[in-house]
Amino acid sequence: MKKLLLLLFIVLAAMPGLYAQDSGKKATVHFKHSSLRQAFVELEKQYGLNFSYNESNIGLYDKDINFSLKDATASQVLDKIFGGSPLTWTFKGGLVILTADPNYQKKPGASHATSEVLTGTITDGETAEPIQGVTVRAGDHTVLTGADGGYSLPLSSGSYTVTISHVGYAVRETHGVEISATAPTVINLALNKAGTDLGEVVVVGYGRQSRKALTSAISTVQNSEFNQGNFNNPAQLLQGKVAGLTISRSGDPNGEPTIILRGPSTLRPGAAQEPFYVIDEIPGADIRLVAPDDIATIEVLKDASATAIYGTRASNGVIMITTKKGRQAQTLVNYNSYVSAENVARKINMMNASQLKAYLAKNSLALDPSDVQGANTDWQKAVTQTAVSQNHHVALSGGSNNLTYNAAVNYFDSKGIMKNTGLNRLIGRAGIEQRVLNNHLRLGMFVSTSTSNSDLLPDQAIILFNMLRYLPTVPVKQADGTYTENLQRVQYYNPVSLQNNAWQNLKNKTTLLNGTAQVILPFGFKYDLNLTSQSGQDNSGTYYTSQYTLKTGVNGQAYRSSYESSKKMIETFLTFARRVGDHDINVLGGYSWQEDVTGDGFQASNQNFPTDALGYNNIGLGSPAGNYRNDWGSNLYQKLRLISFYTRAKYSFKDRYLLQLSLRRDASSAFGVNNRWATFPSASFAWRAIDESFLKSQTLFSDLKWRISYGITGNSLGFDPLISKVQYSTVGAFYYNGNFVNAIGPSQNANPDLKWEKTAMFNTGVDFALLKGSVKLSIEYYDKKTTDLIWYYPVSTIQYFVNVYTANVGSISNKGFELTIDATPVKTASFQWVTSLNLAHNKNKLVSLSNNVFKLDSIFEASPGGQGQTGSYVQILKSGKPVGEFFTFSYAGKNAAGVTQFYDATGKITLAPQNFVDYHYAGDAQPKVQIGWGNTFTYKSFDLNIFVRAALGSKVMDATLADLNRPDEVTNYNLPVFSTNESPKDISAYIYSNRYVENASYLRLDYVTLGYSFPSFFKGMRGLRIYVAGNNLVIITGYRGIDPEVSLSGLTPPAGLTPGVDNKDYYPRTRSFLLGLNLDF
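Positions -20 to -1, 1 to 1061 (mature numbering (1 follows the signal peptide of the UniProt record, and there is no 0)) are the ones given, in order, by the sequence shown.
Derived by calculation from the structure, the hints in this document are not laboratory data.
For clarity, every value in this text was computed on a predicted model and none was experimentally measured.
Where is the CB? At the ideal position from N, CA and C, for every residue including glycine.
Watch out, some of these pointers could steer you wrong.
[Claimed, not checked] The following label-pair restraints were derived from C-beta to C-beta distances: (1) Leu124 <-> Phe556: 43 to 49 Å; (2) Ser380 <-> Trp686: 42 to 48 Å; (3) Phe720 <-> Asp592: 44 to 50 Å; (4) Pro661 <-> Tyr507: 52 to 58 Å.
[Stated by the list, open to error] Restricting the straight-line Cα-Cα distance to at most 30 Å, the calculated cross-link-like pairs of lysine-lysine (DSS-like) are: (5) Lys489 <-> Lys5; (6) Lys305 <-> Lys342; (7) Lys489 <-> Lys305.
Taking the hints into account, I'd like the entire structure generated from these sequences.
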């Protein structure tokens, strides 16, 4: 494979280079007494052309331009303009080069300058005001624009690529600019704001489209707008940036954020809840292959008209990641780096030794003498640390007129605040694209690879709980060096001992190889072929030493496993695009094939090792007990195949009335033989009202567009590929001929009628801009309903093999509003303030849990499983209620003896409530409103970014506090300061009830970044920026737990049915401080 890649690289690089020619786009142009400069403006508008010329040559052209051409190419128009004139033109790399025609009789008296200089003025594309501090680079020479937006850059004669960039604006590059001694070369450009330009190209499914022509709800986040922090997952770059996109994470460096777009639309856990990822137009590519510094833009496709083209995987939205690519320019080198220090942001306020002794004395109690050792141990501090992490990213990119290339390497080393945890990862990416045959054929090859090494804590949840409840009056270790232990108590383990006497290591290797071909065909047709192969391998080792207190009586226990996975894809599609007068038509049709394989591997275990020194590295040294059975793992080899046919048609009239229709038909091997195929249509329409004649005279709006869409998408994510088939497994053992023999029997019922969950979504939105574009707003309303929910129903074993049956039943709905505001309140020559606000409200409701055959009214969910509370649930799934509805006991205060009381089902007070019978509704875990507000201040070379997030109306069940609040057992376990006024006679204080359902609204200062950009210090250096940043700096909340923003995934990630339960196992969220630099050559 390596030889093949090398050979392909050499072949592509050796192909003859050809300059790009006329793109072939046709347009209708009208000139009436137009000057040459006016013609430039029209040609840039119609064909996207840039012009390079010597100023003195323009004076040679002394006639008005008067003609009209219909359906003409750029070459035809240029020939018409300059035919018979003293100027001649050449088309080079998208740039029109104007020079004096040596064969033409020059106009007498034409002046000639002698300076070799590039000069011009840079203005704002919306306000036309000059921009100060813009970087203008040509070759190794760099200059900044002055207060008037002007610049002058002395250069030697020759051809240059000119790059013009400024913070908050889209980068502009102009290739093939000729500098000569005859006259100054002038380039005047208007820069457009990054991410807000109507001409901005947005990545959509199987193509790109200008934002001006969008009919769908799509949010774009540029890399300049990403969150800054020590992130292990690119999704964290978006937290709070996109209205309706909810992202939650803990401080675990190996933890994955949970993501929900526009509310939960399924009852299934894991990937079924989250958006579908498309990376560089590769559906389902592993997000671990992308480093945050590799990303150029992220698009979030929200409504069905945008996502239906991805059919069965798009009901939760689509996140499209576009990485940085090479450009037709000189070689560019970028180095980005940061170092960070992280600490626990908030701790649970537990009693120290003095507080505990005071509580005991007040209540005439005493500790066991063995627990009085004169210590004052902070167990939360004992198991945590200040985590120092680092990130380094080097990228190389460049190209010529017919070839582009890029390569990048990222090294990420993140230590966890829990000792002995961390993530070490190396990502490499490389790509090359060759254009041949007058740009009619494009060939590309891209490879990505990721190698990660994760250090994990076995039984982490037990460590997290015991760091809170272990008595502070005993030391971590005794004088003889042994750990302090008291194993006579229930669930009472020295957390430091657990942390240091077991370890788990997970190594992952993932590689993706992608080849692309694009052929530009006659008559507006274009053919694309994408071939992708992705492979992964996970190797895991876990070892428990002979001193591990959760496995007493065993001299060490080891586990090893190795599993491989693979993904193969073929995407092929044909596109037709043609503009005829005022009519613009674009039609796409394609075919997709995919095969995924998982579970190809093994697991083995052993115990009783002669030494702990080797850990799991020589598992064969163990001497297992006679009754020991090796844990071979599930070893469930699974293969999933998906084939699809899809089409999309877009039509616009006068770029004012825009229509889009799409249809996708998918088949999956996971579903029942009677329902393997499904169809997913969508339609959308947009009206650019701003272009209507009756709005031409108004000055309030600079843009106004209305959108409406409807479509149906499916959900096949998170599926066991064998979910619809009968499965057999070990169901016990029987004694035969002196031996126990495993018995094999059915473990899953078959359902030949099982099919996709389907989500139908209506969306309407208005986009408008005010005050000459300085204020932009987008308002969305959506109504999303998912039917054919998949759930696991209890059935009779008289009729079925197994007592659970997987079936399509019920429905769930989400309705909501979203508001996004982008504005520039202040903008002067040296100071600018840009602000962005997004707000989202979602109302979720479980409509039904039944169909004609299977009927359920409600399902009890979320059992925190605290000591003495087995079988207690705190949430319910019920028709008419949202997901995450708390349903628990109702707290009725204390009686005269200080004992907790509850209300029973009839409203009477009781000391002994009954599970299920006496539960009451206690609110909803989902927030009513979510807000993200970012502000960027730029003063000369300084930039300051402040981002705030808030959530209002959410609730959290603080099961951690409930299980810690055991005043009746204060002589065995430590108490939170919260329990100071609790009575030791209260034997029911810990019972889950609405007493522990707390308001989880919060306002969080998510991050602050302060940076300074230096001018070029030496030849070849394009820029240097140094910055400091802080994450999770301040939070204002009434919640008493570690963090109100507990995982959306619920009790045991990646579960998705129980949001808002803080259950003793929450890896503490961190507060981090970063020092970083960005260096460009």
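Hint check results:
As the Cβ distance of Leu124 to Phe556 is approximately 45 Å, the hint placing it in 43 to 49 Å holds. Look at Ser380 against Trp686: about 44 Å separates their beta carbons, and that is inside 42 to 48 Å. In this structure the hint that Phe720 and Asp592 lie 44 to 50 Å apart at CB is violated, the actual value being about 31 Å. Separation of Pro661 from Tyr507 is about 25 Å and departs from the stated range, judged on CB atoms against 52 to 58 Å.
Using a Cα cut-off of 30 Å, the hinted pair Lys489 and Lys5 is violated, with the two alpha carbons roughly 44 Å apart. A C-alpha spacing of about 69 Å is found between Lys305 and Lys342, which places the hinted pair above 30 Å, so the restraint is violated. Under the criterion of a C-alpha separation no larger than 30 Å, the hint pairing Lys489 with Lys305 is consistent with the structure, at around 24 Å.
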